[in-house]
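K.L.:
What follows is each chain in one-letter form.
Protein chains: 2
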Amino acid sequence: MTTPITPITPTTPTTTPPAAPALASSMPRTQMGRSIIALEPAEPDPAGATFRGKLSADESQTYTSASPAQVEAACRLAWEAFDRGALADPRARAALLEGAASRLAVQGDALLSLASAETGLSLPRLSGERDRTVNQLRMFAAMVREGSWVEAIIERGNPARTPVPKPDLRRMLRPLGPVVVFGASNFPLAYSTAGGDTASALAAGCPVVIKGHPSHPGTGEMAAWALAHAARDAGLHPGVFSFLHAGGADEERLGAALVRHPCIRAGGFTGSPKGGLALAAIAASRPDPIPFFAEMGSVNPVAILPGALRARAKEIAGALAASVTLSAGQMCTCPGLVLYVAGDDADAGAFEQALREAMLALPVQPMLSERIGASWREGIAQRRSLAGVETVQGGEDRPGAPTLMLTTSARVREHHALSEECFGPSTVCARCESVGDLLRTLAVVKGSLTGTLWTQTDNAADAAAVLKALEAIAGRVLHAGVPTGVEVCPAMVHTGPLPASNRPDHTAVGSLAVRRWCRPVAYQNMPDELLPPELREKNPMGIERLIDGARTAPARPGANA
Amino acid sequence: MTTPITPITPTTPTTTPPAAPALASSMPRTQMGRSIIALEPAEPDPAGATFRGKLSADESQTYTSASPAQVEAACRLAWEAFDRGALADPRARAALLEGAASRLAVQGDALLSLASAETGLSLPRLSGERDRTVNQLRMFAAMVREGSWVEAIIERGNPARTPVPKPDLRRMLRPLGPVVVFGASNFPLAYSTAGGDTASALAAGCPVVIKGHPSHPGTGEMAAWALAHAARDAGLHPGVFSFLHAGGADEERLGAALVRHPCIRAGGFTGSPKGGLALAAIAASRPDPIPFFAEMGSVNPVAILPGALRARAKEIAGALAASVTLSAGQMCTCPGLVLYVAGDDADAGAFEQALREAMLALPVQPMLSERIGASWREGIAQRRSLAGVETVQGGEDRPGAPTLMLTTSARVREHHALSEECFGPSTVCARCESVGDLLRTLAVVKGSLTGTLWTQTDNAADAAAVLKALEAIAGRVLHAGVPTGVEVCPAMVHTGPLPASNRPDHTAVGSLAVRRWCRPVAYQNMPDELLPPELREKNPMGIERLIDGARTAPARPGANA
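Chains P and Y, in that order, are what the protein sequence lines are. If you use the numbering used here, the first sequence closes out at 561, no skipped numbers anywhere. If you use the numbering used here, the second sequence closes out at 561, no skipped numbers anywhere.
Isolated chain P, as found in the complex (with noise of 0.2 Å):
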């Protein structure tokens, strides 16, 4: 975390911000095709690989990564709103993540309809991520003008203590410096430009830099106008908030040099394990090393004990279906791996019955992308040339196909591939020979986000045994229910062991995933004017505060609103 040391040149003047242009409740689309640099849309470079998105079922729009020099613009750009204090006051980031959000609902079904033509994603769908985007980035903007989420902990000194004086010390949490945020292509808005590494980096008071996702170019610079209007109306200095596209021949070049780059100090990604390690190993072998908090790949297993399958297998069938191809299945969350123990070969073959049933009664929907939709298909026809996996649902003839494989046990801990995420609206399910089979099988699952228990009646010690088995691979652990839809809260852990995450000590959703952009300080015996307001004797930001090992509120609750 050493402060860069070339100096900054700002290519934009820094000391009075561009006036703003007039709002739009959506940009016109004979602006669009521009990235955004520090608030200013940017010339498309002539040299950048171009790529297309389209604005509707008939129209398209052409855009082009950002230049060499436009990233490191908005790095430079970036560092400096951040050494200048750009983002120090609380209530300046409140108002950002504030104007963001009111400005991301205003813009209504334009921006709708543009993410529904860029990915696929139904209209319902799409503004149920809307609300949650926005509802997110008002929950960061509570918790900032709240204010104790920076952890102040102080102890007074005592200069008469004996053999050593007491030290005064003080400590709260600390932004680390621009944040560069890699969008999904899954989620277009509550993983992307506005989405939670965004929301939560400059709610700890980092700026960001985006990079773009390809596959829904528009909505980004849609959402990506929300929070560049949103800054400018706060008055902030332009470096907070950049977004770059990238795609074509560009984009991993651009990915790199934005991870690379000494104004970053640090960086969030959501997406395949292959682009987030790589990424991250970037991040590890800088000369300073950044945190990288890579979202990754997650198969979800679900286990279900025998009386939970015999008394609602139908019910469990229903849900587990919904959930598999809930957006086509191109949800981190989705239950890729089901493990069942039947009290008899009729229990089982009843819920495998439902199931297909179930998952028959479900419509094809369209995929994100033609490339997702080819890496589905592969790994469909992957699973499906294994010995003893049969495809009694679907398959890959068709991307969207709500597809069922039916196996067992011992073939799961045969081949890794059944274990592993199939991005896509399919699911493996295997029946288990008894718990001791289940247990030894989700012993070969790597890590996911999520673990799912189903027990009803069963021996209390085969449910606690399973449940620490899904524990031991899995952020969230849930019961008698479906993985995907993740609760946006302070109790929400949205992580996992490696291929999850590579991070399984941060949540990437919820309040705390604010702590992924910030390290702790100490500061011992200093002055008053020196120390952070949080950390004042007069606790001027009024926020609850741990003092002497007591926890101590505000003397004026609230005085930060």
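Don't take every hint at face value.
To be verified - Derived lysine-lysine pairs resembling BS3-like cross-links, with alpha carbons at most 30 Å apart:
hint	chain 1	residue 1	chain 2	residue 2
1	P	Lys166	Y	Lys314
2	Y	Lys166	Y	Lys538
3	Y	Lys314	Y	Lys468
4	P	Lys538	P	Lys166
5	Y	Lys468	P	Lys538
6	P	Lys468	P	Lys274
7	Y	Lys166	P	Lys468
8	P	Lys314	P	Lys468
9	P	Lys468	Y	Lys538
10	Y	Lys54	Y	Lys274
11	P	Lys314	Y	Lys166
12	Y	Lys468	P	Lys166
13	Y	Lys274	Y	Lys468
Derived from the structure by calculation, the hints contain no laboratory data.
Chain Y: place on chain P using the hints.
P.N.:
Chain Y only, in chain P's frame:
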């Protein structure tokens, strides 16, 4: 964090723990020289590398590096203990920590004289370190009994919420599993066998395997018995603690084997950047990477502004000289670089003269080992050979001689060695032309554990700018004092960017050090009886929790005591 899948084959019976041997306040010397595998002394491996440690001025003892089979047994039994929940009950953990503290205290002078013989550190220094170690164990015990460190967050469900029901979500920190701890050469007690890493890992519920440090094997073995006896007293599974001797040709192999072992889930290290980074690389390159927390080299810059230099030259010089040479300068927080801005030449000359006199008045002290002494002499010779560096006191002729080198800020920017740690009783003092010059010089200083500011009647903006520059490279910043002396308390931050630590996001000292050994897990709609006690509705552990956004104190405080 996947469960190691190879079956556990205990090498000692685990159903009936072996009977505890008679307690000795210190082990009789005839029994020394053995690793401790799962609370039992181990037979020295005839094929193991041997090395010697002093028992007193005249006597020495042979130690044998643990064998591969002993490494295997220690790790597998640690996993078995974890897997069977040996440390799941906070009361058991607290009893273990308190027992170890008492037994360490009872070892009394025998422990201190052995440590002094091995390290050359003085008895008063070691007595202070022992007290700190004992208090640290008790602090973690108290933290575990109080219980709120698990950060329990409960969000109650709302089945009536639209459009989707709100799930019940409960989140807390959970232990990672067995931890390997590498003892430090310079703190035979506080950062070694029964030191902060071990105490915090046990507090989290992680069994510990120690790799003893070959420069104080006897001290390590004695401290290990304090832990082993305490574990027996508490009736714990013997796998909760092992201590492995490691030295000579076997040291690197043994360390690497521990970090690679599938049963080991995290590691803690205090030592050189070379060793720490090599082990961290092994941890990161496992098929299932594990977190590895390495505390390494730190130059601990001191910045003195002109007002302070003029008003307090003699006081600052005296404090600095004592801090530079504390324990022969073999503290991770000794100030190795002093940057000062003088109002005029007379001020600078007076400060330099005062520092020289203060250093001259201090005794030559023994260094920890011949290797460390040689490495220090080499570092001094290297710095002295640089043009523009004047050695005005001490030098490399005698290890342990207080050594003062004077240079200028320009030289520091020119030669990296001048801003790097030179482990031993020396410091580099560099005159700066101005505050701007000092800031430019701080910009070449890499990560440190601490940064110190002296200011008095100086320009407020100057002081703020220097503090900001120090904060960018250090985990703890302090005013008008010396960085040596690390308070063990909740507000301490003992970490910093590389090379100070590879994990600037976690403190190695203080109660929050426990977080290193945990990851968060969320439980969704989980039946109460399947939840960890900390998250159950009735709060049987009586801990403070955050419930639906409100901090909720236990109905019965101290229920866990």
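K.L.:
Compare the structure with each hint and give your call.
P.N.:
Structure-based check of all given hints:
{"no.": "1", "hint": "P:Lys166 with Y:Lys314", "result": "holds (23 Å)"}
{"no.": "2", "hint": "Y:Lys166 with Y:Lys538", "result": "holds (21 Å)"}
{"no.": "3", "hint": "Y:Lys314 with Y:Lys468", "result": "holds (26 Å)"}
{"no.": "4", "hint": "P:Lys538 with P:Lys166", "result": "holds (21 Å)"}
{"no.": "5", "hint": "Y:Lys468 with P:Lys538", "result": "holds (22 Å)"}
{"no.": "6", "hint": "P:Lys468 with P:Lys274", "result": "holds (29 Å)"}
{"no.": "7", "hint": "Y:Lys166 with P:Lys468", "result": "holds (24 Å)"}
{"no.": "8", "hint": "P:Lys314 with P:Lys468", "result": "holds (26 Å)"}
{"no.": "9", "hint": "P:Lys468 with Y:Lys538", "result": "holds (22 Å)"}
{"no.": "10", "hint": "Y:Lys54 with Y:Lys274", "result": "holds (26 Å)"}
{"no.": "11", "hint": "P:Lys314 with Y:Lys166", "result": "holds (23 Å)"}
{"no.": "12", "hint": "Y:Lys468 with P:Lys166", "result": "holds (24 Å)"}
{"no.": "13", "hint": "Y:Lys274 with Y:Lys468", "result": "holds (29 Å)"}
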